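Peer 1: Just so you know, the sequences run in chain order A and B. Note that our numbering gives residue 209 to position 209 of the first sequence, counting from 1, and the numbers run on in steps of one. Note that our numbering gives residue 366 to position 366 of the second sequence, counting from 1, and the numbers run on in steps of one.
Hint data in this document are derived by calculation from the structure and do not stem from the laboratory. Predicted model, so just to flag it, every value in this text is computed and none were measured. Careful: at least some of the hints might be erroneous.
Have a look at the derived ranges for each label pair, beta carbon to beta carbon [stated by the list, open to error]: (1) A:D378 x B:A83: 35 to 41 Å; (2) B:R370 x A:D61: 46 to 52 Å; (3) B:A57 x A:R347: 30 to 36 Å.
With a Cα cut of at most 16 Å, we get these calculated EDC-like pairs of lysine to aspartate or glutamate [claimed, not checked]: (4) A:K351 x A:D378; (5) B:K344 x A:D27; (6) A:K149 x A:E266; (7) B:K149 x B:D159; (8) B:K344 x B:D364; (9) A:K344 x B:D27.
Covered stretches of chain A, going by a simulated chain B footprint (3 or more residues, C-beta under 8 Å) [what the hints assert, rightly or not]: (10) 13-21; (11) 289-301; (12) 324-330; (13) 336-347.
We treat Cβ as the ideally placed atom computed from N, Cα and C, and that holds for glycine.
Protein chains: 2
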Amino acid sequence: MALRVGVIGGGQLARMMVPAAVELGIDIRVLAEGPGMSAAIAATAEGDYHDAETVLAFARDVDVVTFDHEHVPQDVLRRLEEAGVAVRPGPAPLAVAQDKIVMRRRLSDLGIAVPDWAAVHDAEELGRFLADHGGRAVVKTPRGGYDGKGVRVVSDPADVADWFVAVAEAAGDQALLVEELVPFTRELAQSVARRPSGEVVAWPLVETVQRDGVCAEVLAPAPDSAGRLADVAEETAVRIATELGVTGVLAVELFQTADDRLLVNELAMRPHNTGHWTIDGATTSQFEQHLRAVLDLPLGATGAHAPAAVMINVLGGPGDGDLAARYPAALAAFPEAKYHFYGKEPRPGRKIGHVTVLGDDLEDVVYRARSAAAHFDD
Amino acid sequence: MALRVGVIGGGQLARMMVPAAVELGIDIRVLAEGPGMSAAIAATAEGDYHDAETVLAFARDVDVVTFDHEHVPQDVLRRLEEAGVAVRPGPAPLAVAQDKIVMRRRLSDLGIAVPDWAAVHDAEELGRFLADHGGRAVVKTPRGGYDGKGVRVVSDPADVADWFVAVAEAAGDQALLVEELVPFTRELAQSVARRPSGEVVAWPLVETVQRDGVCAEVLAPAPDSAGRLADVAEETAVRIATELGVTGVLAVELFQTADDRLLVNELAMRPHNTGHWTIDGATTSQFEQHLRAVLDLPLGATGAHAPAAVMINVLGGPGDGDLAARYPAALAAFPEAKYHFYGKEPRPGRKIGHVTVLGDDLEDVVYRARSAAAHFDD
Chain A
1 MALRVGVIGG
11 GQLARMMVPA
21 AVELGIDIRV
31 LAEGPGMSAA
41 IAATAEGDYH
51 DAETVLAFAR
61 DVDVVTFDHE
71 HVPQDVLRRL
81 EEAGVAVRPG
91 PAPLAVAQDK
101 IVMRRRLSDL
111 GIAVPDWAAV
121 HDAEELGRFL
131 ADHGGRAVVK
141 TPRGGYDGKG
151 VRVVSDPADV
161 ADWFVAVAEA
171 AGDQALLVEE
181 LVPFTRELAQ
191 SVARRPSGEV
201 VAWPLVETVQ
211 RDGVCAEVLA
221 PAPDSAGRLA
231 DVAEETAVRI
241 ATELGVTGVL
251 AVELFQTADD
261 RLLVNELAMR
271 PHNTGHWTID
281 GATTSQFEQH
291 LRAVLDLPLG
301 ATGAHAPAAV
311 MINVLGGPGD
321 GDLAARYPAA
331 LAAFPEAKYH
341 FYGKEPRPGR
351 KIGHVTVLGD
361 DLEDVVYRAR
371 SAAAHFDD
Chain B
1 MALRVGVIGG
11 GQLARMMVPA
21 AVELGIDIRV
31 LAEGPGMSAA
41 IAATAEGDYH
51 DAETVLAFAR
61 DVDVVTFDHE
71 HVPQDVLRRL
81 EEAGVAVRPG
91 PAPLAVAQDK
101 IVMRRRLSDL
111 GIAVPDWAAV
121 HDAEELGRFL
131 ADHGGRAVVK
141 TPRGGYDGKG
151 VRVVSDPADV
161 ADWFVAVAEA
171 AGDQALLVEE
181 LVPFTRELAQ
191 SVARRPSGEV
201 VAWPLVETVQ
211 RDGVCAEVLA
221 PAPDSAGRLA
231 DVAEETAVRI
241 ATELGVTGVL
251 AVELFQTADD
261 RLLVNELAMR
271 PHNTGHWTID
281 GATTSQFEQH
291 LRAVLDLPLG
301 ATGAHAPAAV
311 MINVLGGPGD
321 GDLAARYPAA
331 LAAFPEAKYH
341 FYGKEPRPGR
351 KIGHVTVLGD
361 DLEDVVYRAR
371 SAAAHFDD
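Isolated chain A (complex conformation) (with noise of 0.2 Å):
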């Protein structure tokens, strides 16, 4: 009998999974939020994720349930456990990845070097923070931000007073996570996978170019990156995954400064953007291993096919959406560009495909990368 994966969340994550799942031969089942999510083609269940008999009823049919995301509340992901099911990554680790504040303790506490920050309450704490940081920093919602929301830039308490306000309403201790704007030089992200009996494997560390928050163009590997800087992000990535107990695979974001300190920005227990150019561009793409990591199967080879992958994200477009009318001319100029594309209705500054080249000569596949991607963004 072919071993079962129940993945929480249609989205783009779960459906990437799918092509993963098909060719090992695992049954990979989703539980989506409603119909025609992107990961629909293996939907055996819809409904809410909040809820935990709807959850506990879809986990009853799978050896292990993972996730389309970091959402899933911790009552219920502990009424899982508590049920049985092995539910990869666990509780624990899932709780430093949806706390952002819960997320920078742990890790300061573990040594492991971040910018500098702080939970703060209230107008004057952050006022405090900003006099000691040069007048400005960055304020994010410890909470359900992702691309870019529930992050602002302030140079001023007031600049977050409706978000003070929804923290003294909440009920509990409640607070707003404030961090030094780092002078970074550049994005990098280390991607690792490691699964319950402990083998941890990285992939090559690479570069990530955002745009308004959101991840626009990965490159693997990050130029300018063999030696110490891959060394120390493959430790640090390892480290906080074995520490944490993550299962699956744990993308780790970090700012490069310019005395070459690599700072954690922030965590993904979860197939990441940045991490999808291995579909096309390493021996096991990180949704393969995912699944073998999740099911504590030995995990697979990390190279790369190339010397050079870029992935370019696909983001909609002011345009009419018609995506299918913009194939024939992007495949006819780019044979060799992998496009995928997520089943997403196209909409403004949403992700909704990415484009893959590989080459010999970064510049080149830079170049040809970007123009295959334009295609379609506009």
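Starting from the known structure of chain A, fit chain B onto it as the hints suggest.
Peer 2: Positioned in the frame of chain A, the structure of chain B alone reads:
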């Protein structure tokens, strides 16, 4: 709206189109023969492909119909075309793939090198062919054979007396195909893809190793084939695809003789076992290419990721059939191998999966691929 491809037949070839469709953002739908087929994840209908109404109903919701196999009857194919359905490959080229006598005649008419052959209606005609060809020959039933089924090496017409009884009892002008026993030094296969607008692309020529009439191993590219041999193979396959008007993938199986002639053995108008290495080893897999071709989209690049790729079929063995129990040892031993399983119940001799390994040194790659596959063959 996503482009929609309908695949008739739910076997492993339909299954392996699913990952390519998911990545490209194509809506793939399968008419499966019944529940639990290999391509069940994409099955939107179940029914008998001999029944025109069943197939017509399935075809109504897709942009193009293609196939997991070549067995859909001509009258059903014609009904689809009359109803305005795009059928790719179409009835005319499929007629050539469906009947080995039609195929031999057509290739001979095109002046393409094939083994000496004849259509024989009775023991006397077969006896004459045997007398002219050293007393031994290969007899094939023109229809329905695959993987060595419907093929016998004979030295006496009595060896196929049962088949002649069936021929005599059948309606219409029936015959058996008899061919010379070609003294080949090895078998090769050349895959190409053609789209309706005429573009044709070719993958590297491969060497195939058959065991008991079933493809066992594929080496890509075929050793010592660069230059004239590869050129002739590619020209031959491109010419066949073009002259017959094939759309989608065409695999041409070839005999190489001691004097380096290439004779066409078989044709397959669909992705083919000898092209499975392209999933992991080529820029565009045969499954992605087939989808692009039948949708009349520009075709993808066919270059290889590594100097050598080796694919080994996994056949069901006499064991308990618990494949999942074999994963840990196999995956741990060869983390760089790509394992593919078709969701099929193992039965002795049944193709249930394949393993592909890439590398620089053919001998080493063959060793690792065989060793990885051997974890599943008992």
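Peer 1: Give a verdict on every hint.
Peer 2: Consistency of the hints with the structure:
1. A:D378 x B:A83: 35 to 41 Å: holds, 37 Å
2. B:R370 x A:D61: 46 to 52 Å: violated, 36 Å
3. B:A57 x A:R347: 30 to 36 Å: Since the Cβ atoms of A57 of chain B and R347 of chain A sit about 34 Å apart, the hinted range of 30 to 36 Å holds.
4. A:K351 x A:D378: holds, 13 Å
5. B:K344 x A:D27: holds, 12 Å
6. A:K149 x A:E266: The given pair, whose Cα atoms are some 13 Å apart, holds under the 16 Å limit.
7. B:K149 x B:D159: holds, 15 Å
8. B:K344 x B:D364: With Cα atoms ~30 Å apart, K344 of chain B and D364 of chain B exceed 16 Å; violated.
9. A:K344 x B:D27: holds, 12 Å
10. 13-21: Check passed, 5 qualifying residues.
11. 289-301: It holds: at least three residues are needed, and the stretch 289-301 of chain A offers 6 whose Cβ sits within less than 8 Å of chain B.
12. 324-330: holds (count 3)
13. 336-347: holds (count 7)
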